[in-house]
Amino acid sequence: MAEKVSNQSALAWFLQRISGILLAFFLITHLNVHHLFHNITAEGIINFHSVQENLTSSVWWKVYYMLFVPFVAFHAMNGIWQIMADFRLSPGATIFLKAIFWVVGLVLTAIGAMTLINLF
Amino acid sequence: MTSDSKLKDVVNDINLNKNIGNFTYWVHRLSGIGLAIYLIMHTYVLSSAISSPEAFSARMGQVQNPFFAVLEVLLVAGVFAHMLNGLRITLTDFFGWTRAHKALFWAAAVLFIILMVIAIILQWPKFSPGSYMAGGN
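Protein sequences, first through last, are from chains L and P. Sequential numbering from 12 applies to the first sequence in the numbering used here. Sequential numbering from 482 applies to the second sequence in the numbering used here.
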């Protein structure tokens, strides 16, 4: 008997690659601005006001981070789910873990959005 | 099949397939798990902005010192390794470049080393405790 094939797996595979390409752009920009090119001797340590100054310097930073947060949460949770799926879990474990990853992803997105709103 | 035998299968698979494809498969998964854990920790640190500006600045102060600067290099290494290998997988999948996957691996490896040298040079001032005393907002 042929094994039932779900389109969800193909969609998860495709979205993982699309979100990954977008995250390559997001992460290089984020790492450069807030990690690598931060001049510690001239600017001192990063604090609330320096981050706020940066985020409010352009509306595009708001758009950038509001897209970055859900994409990175999705990519992380979907990625771990795909590692789990390699072990061919039982249907019960599959539903349980999918629910857990969706909840964690949505909570991360919500906390990220609330953090950004306080920094904007 | 028990979880114990699944683990044995994984170890056997690694031992039997010592090649670039299997190596990058595990590097991608392990770096991915590490980055997902970091994402949760990063969100926790930054979420202090929800409490107050003072709470955010205080917590950010706790994670900016030479020790965390070295950890930051490991983070950057994980990000670049995962990113370059992910792009290699995507190119292979979308354009059917399976036969070129080894060449793509070596191209990604060279790019990884170049990016890490640049990252360490940029990060260098943060390895000194004295750097944190100057400047500031």
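Hint data in this document are derived by calculation from the structure and do not stem from the laboratory. Wrong hints could be hidden among the right ones.
[Stated by the list, open to error] Lysine-lysine pairs mimicking DSBU-like chemistry, simulated, CA-CA at most 35 Å apart: (1) L:Lys73 x P:Lys583; (2) P:Lys499 x P:Lys583; (3) P:Lys487 x P:Lys583; (4) P:Lys489 x L:Lys73; (5) L:Lys73 x P:Lys487; (6) P:Lys499 x P:Lys489; (7) P:Lys487 x P:Lys499; (8) L:Lys73 x L:Lys109; (9) P:Lys499 x L:Lys73; (10) P:Lys489 x P:Lys583.
[Claimed, not checked] Derived CB-CB ranges, DEER-like: (11) L:Ser68 x P:Ile501: 15 to 23 Å; (12) L:Ala21 x P:Ser486: 26 to 34 Å; (13) L:Lys73 x P:Leu497: 24 to 32 Å; (14) L:Val74 x P:Leu497: 45 to 53 Å.
The C-beta atom is built at its ideal place from N, Cα and C for all residues, glycine as well.
(Q) Check the structure against each numbered hint from earlier and tell me which ones fail, lowest number first. (A) Going through the list in order, the structure violates hints 1, 4, 5, 9, 11, 13 and respects the others.
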